[in-house]
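Student: So you can see what is in the structure, the chains are spelled out below.
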Amino acid sequence: MKNYFGVKIMPREVILDTQGRAIEQTLRLNKIPVDACRVGKFIELEIEGSETDAFARATEIAKSVLHNPLIETFEVSKLLVSR
Amino acid sequence: MKKTAGKIGVVRFPGSNCDQDVYQFVAEKNYTPEYLWHLDHFDLKDYLALLLPGGFSYGDYLRSGALSARSPVMNSVREFANRGGPILGICNGFQVLAESGLLPGALVKNARLRFIDDWVNLKVENANPFWAKNWTGDKMYLPIAHGDGRYYAPADDLKKIEDGDQIWLRYVENPNGSLLNIAGVMNQKKNVAGLMPHPERAIFDWMGSVDGWSFL
Amino acid sequence: MNQENQKIELQKRLKHYRISVAEYEMIKSLLGREPKPIEWPLFSALWSEHCSYKSSRMHLKKFGKTLNASVLNAAGENAGVVDLGYDERIVFKMESHNHPSFIEPYQGAATGVGGILRDIFTMGARPIALADYLCFGEISVTPIGLQETPIGLQKSTAGSETSTTGNRMGFLVDGVVRGIGGYGNSVGVPTVTGQTNFDKSYDKNILVNAMAVGLLRPGEKVALSAAKGPGNLVVYVGAKTGKDGVHGAAMASESFDENSEAKKPNVQIGDPYFEKLLIESCLEVLKKDLVVSIQDMGAAGLTSSSFEMASKGNVGMSLKLDQVPIRDSSIQPEEILLSESQERMLLICEPKKIQVLQSEFEKWGLDAVVVGEVLQERKIELWWKGELLTSIDPYPLVENAPMYDRTFRAWTAKNKVIDKSQLQNEDISKKKYTEKLFGHVQFTSRKNIYRQYDQRVGLNTVRGADHDVAILRLPDSGRALGVAVGCRPHLMKMDARIGAQDAVYYPALQLALRGIKVVALTDCLNFGNPERPEIMSEFVASVDAITESSLKLKAPVISGNVSFYNETLGENIISTPAMGLVGLGPEDASFINGGQIPQDVFQHSGNSVYLVSSAKVFIGEISKSQFQYFGEPDLNAWTELVDAFTALTRKVEISASQMVGRGGLGWTLAQMSLGNYGYKGAFAISSNELWQETLYQAVFEVNETESKKFEIFFQNNKIEFKKIGEVQADILALNDGTSFNLKECKKSYELGLRGSIENLA
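Protein sequence lines, in the order shown, are assigned to chains A, B and C.
For what it's worth, my numbering labels the leading residue of the first sequence as 1, then goes sequentially.
For what it's worth, my numbering labels the leading residue of the second sequence as 1, then goes sequentially.
For what it's worth, my numbering labels the leading residue of the third sequence as 1, then goes sequentially.
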């Protein structure tokens, strides 16, 4: 079966999020202020196989390839439908 | 453009970094340059033309040009465009004009995903009535310096751009994967134009080319 | 607590703050008491090798005697200011960011660039050029798999054939290059020149040295850092303070294979956008005379900037640490003092000007926050939520830091042979030179690297990174300003004294070939562990060699940086004293406009090719990357050569010229044939002579009408020259009978490093 996973990658809390800061400032300048803004990435993976195996693989890929542990955290979630 | 010393506005965003270069270019051509700050609204009646310089406005965060396209000064720029005033966007300025919908298409990451600084040859596909209109040479030799310079538009739009003679400049050798080798486009009325190469960096012999001199 | 416990507690502290027992005793006698908790991090930071130069200071003093009347405001600032005449002044400096770049190459290199730019604009000078000096380990040619694999997360490849170092090295090169470009391009300062070396000794310790050049145009004032005027306000501008780099020291010792959040270093993130705002706003407030003094927050952040400003001004400062803008509410006073968050500045402002100052910064979207005031008495008061944490004299912390006379030996020549015939060069006679040479990592084009750097923003670039040395145009006088970097690791490995002399002379000669006379130097001294006498001996020999070269060339050392402990698992890097040179062209502005500057590659069929020699040191490669030499360096002769070359371009029209470097005359001729024209040798030269390096030789291409003048010039100067061949279209036939298919050579050369590191530009 086909499985779809979403990998959310965010800058670590202690790390300065330069993009988030710039967007936050711009929103403020445009008079639509928000309290905070953080920018990450979202990646969709399509993996063939049993759900448990596929999830484990998605997690492994996210852990070792997609994110940089020095500056980012990640979260894998199952997607019901892709795209 | 007519050689009457008039004012040309140079739109300045935080993170613009070719603003001073473009300002100098305008002055060298004996026009009067004036900075227009991103937060300001302007009565644009006095200006002959507007230039949007290159750089990394708002850090190019979110998408290149995306945050700048929504800054207050762009309302005045839009108004100026609607009145038929000539506007030129260079590099990041082109990205801002595309993001704000004043020019068709979008500029996305270079095909090889890396910033490219190089010299390119360009062909003028359709002459622009305001910018480089007196250019008579065959190929134009200008420098490029961008990370997000790959011109993209959906197939339907591309056809419209082509049919409407809106393709201004094409790369002779495509450096970044731009569709149809597009290096510069114009709006339908042709008063708004944008290009990725930097004409202001090729205005004296010692720079390596003088082909940019004709742009103003 | 019993005594035993106290002792253990003290040991822990000393280790944590990296303070030796002797230093601890020094602290106690300076204070006349035990240090308070908040004072530990202060001493730790200000007495660190990085801030206090404790192992190198006594030797670096030698650079002081190289200063001459052209250097303004040298004492105590980031760099001396060089007066070029016509009220044009420049300031430049080079700094290392080796370790952070090895951990996180993109951010490490980016923040390295950011830091050096702040060093320059804090002096009121607009940065107009960047240069970089990079050393990487060996590159494996195996294709690179997972590009973004960070350290510690590679699959174990024990027993497998591919080396992880190779893969990781490709990742490092790519990351460092993107980082330099990502920052420099965005902030709008052109990266105009650089050098990239590859050697096994950098496998576990790469070098990332960035140099910035700033210009003060006529009428612009130099900004100083000494705090002045009791009652004046201490103003914090820029990014909020986070925990970035606080545990930076831990980076070196911890391994990253464990995923625990606490163990991860707090990587400093650079934001070129913010830096750009800081540059423009700071230069603006300086121009409007709203600032008494200014200093960037670099290493050891707020601590070093505030203590140094107060110490230099012989005044005190009261700082309310709770007023410092923070990014993370859990941050403690100690972390605020040590944070190395990027893009922050500390300013002193008169109270009556504070409102104007704040509104100027507000225009750029930056907050200028008052965090304290200048005190009459020389003491730093640190306040936290109404509590006085300490009141301490900054002077001893800044000026009385320990100074170590590390063991070293007087220099004795290494790898010197006493008879020229002993230079065996077995390798050379056996080697078969083919088109593959042009794709070899040592020799191939660096275009894939410098193509990622904006070289022309600012409209001053005459010659960018695709040339041997960079040339900028000074916007007011129209004169040429040359920028070059130097230090060739293979020579340093052979002999540290000759290598360090060459680090100055080779780029000085390269500049001279373009008609540019070196005016000042900066250094970035990358060395291994100074506690090892053999390393310290090389360090001292290098400092002496640089000092001597600087004096001979009358080009003062105006700034510098030392990076020690480039040692991983007991392996030290090749000692690498990287140099940055800035030179000035002729008075006449037509030099740039008239296109008189010689090119790097051959220009026209039929032109004569000459070899000019002032050969003093002959180098032989006895086996792979093992070099020996014969002869003695003669700085007087080399200085005469610099002067002769500089004068030559003003008198004779030279079509093209290049210094002979690694790979000898053979490679130099080959490289000069990579444009539109090739070369044909006129008479036989042995392979040995052709492919080995000699200090120094240069190749010149001269057209027929100029050759008479050229020959007379060198006759008059009593410098040896001979015509060795001529420029010809489409062939490359060297004097030892080797010939190449030029088309293949160019293909190989142009593929460049991408042949080994796939995803470079």
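None of these hints come from the bench; they were simulated from the model.
Check before you lean on any hint, since a few could be wrong.
Said to hold, decoys possible - Okay, derived cross-link-like pairs now, DSS-like style, lysine-lysine, Cα gap no bigger than 27 angstroms in a straight line:
#, chain 1, residue 1, chain 2, residue 2
1, A, 8, A, 41
2, C, 228, C, 447
3, B, 139, C, 493
4, C, 385, C, 288
5, C, 240, C, 353
6, C, 200, C, 385
7, C, 287, C, 36
8, A, 8, B, 109
9, B, 139, C, 743
10, C, 743, C, 62
11, B, 123, B, 160
12, B, 190, B, 29
13, C, 552, B, 109
14, C, 200, C, 7
15, C, 36, C, 432
16, C, 352, A, 31
17, B, 7, C, 228
18, C, 204, A, 63
19, B, 45, C, 320
20, A, 31, C, 240
21, C, 746, B, 7
22, C, 747, B, 139
23, C, 204, C, 228
24, B, 139, B, 159
25, C, 416, B, 123
26, C, 493, C, 616
27, B, 109, B, 29
28, A, 2, A, 31
29, C, 62, C, 493
30, C, 204, B, 139
31, B, 7, C, 352
32, C, 352, A, 41
33, C, 385, C, 36
34, C, 493, C, 552
35, B, 189, B, 159
36, C, 352, C, 554
37, A, 41, B, 133
38, B, 7, A, 63
Student: Determine for every hint whether it applies to the structure shown.
Tutor: Hint by hint, here is what the structure shows:
no.	hint	verdict
1	A:8 to A:41	6 angstroms, holds
2	C:228 to C:447	48 angstroms, violated
3	B:139 to C:493	49 angstroms, violated
4	C:385 to C:288	34 angstroms, violated
5	C:240 to C:353	23 angstroms, holds
6	C:200 to C:385	52 angstroms, violated
7	C:287 to C:36	41 angstroms, violated
8	A:8 to B:109	21 angstroms, holds
9	B:139 to C:743	25 angstroms, holds
10	C:743 to C:62	50 angstroms, violated
11	B:123 to B:160	20 angstroms, holds
12	B:190 to B:29	22 angstroms, holds
13	C:552 to B:109	50 angstroms, violated
14	C:200 to C:7	43 angstroms, violated
15	C:36 to C:432	68 angstroms, violated
16	C:352 to A:31	31 angstroms, violated
17	B:7 to C:228	44 angstroms, violated
18	C:204 to A:63	24 angstroms, holds
19	B:45 to C:320	50 angstroms, violated
20	A:31 to C:240	22 angstroms, holds
21	C:746 to B:7	49 angstroms, violated
22	C:747 to B:139	25 angstroms, holds
23	C:204 to C:228	45 angstroms, violated
24	B:139 to B:159	24 angstroms, holds
25	C:416 to B:123	59 angstroms, violated
26	C:493 to C:616	19 angstroms, holds
27	B:109 to B:29	33 angstroms, violated
28	A:2 to A:31	45 angstroms, violated
29	C:62 to C:493	23 angstroms, holds
30	C:204 to B:139	48 angstroms, violated
31	B:7 to C:352	37 angstroms, violated
32	C:352 to A:41	47 angstroms, violated
33	C:385 to C:36	18 angstroms, holds
34	C:493 to C:552	24 angstroms, holds
35	B:189 to B:159	17 angstroms, holds
36	C:352 to C:554	45 angstroms, violated
37	A:41 to B:133	43 angstroms, violated
38	B:7 to A:63	56 angstroms, violated
Against the hints set out earlier in the document, violations occur for numbers 2, 3, 4, 6, 7, 10, 13, 14, 15, 16, 17, 19, 21, 23, 25, 27, 28, 30, 31, 32, 36, 37, 38.
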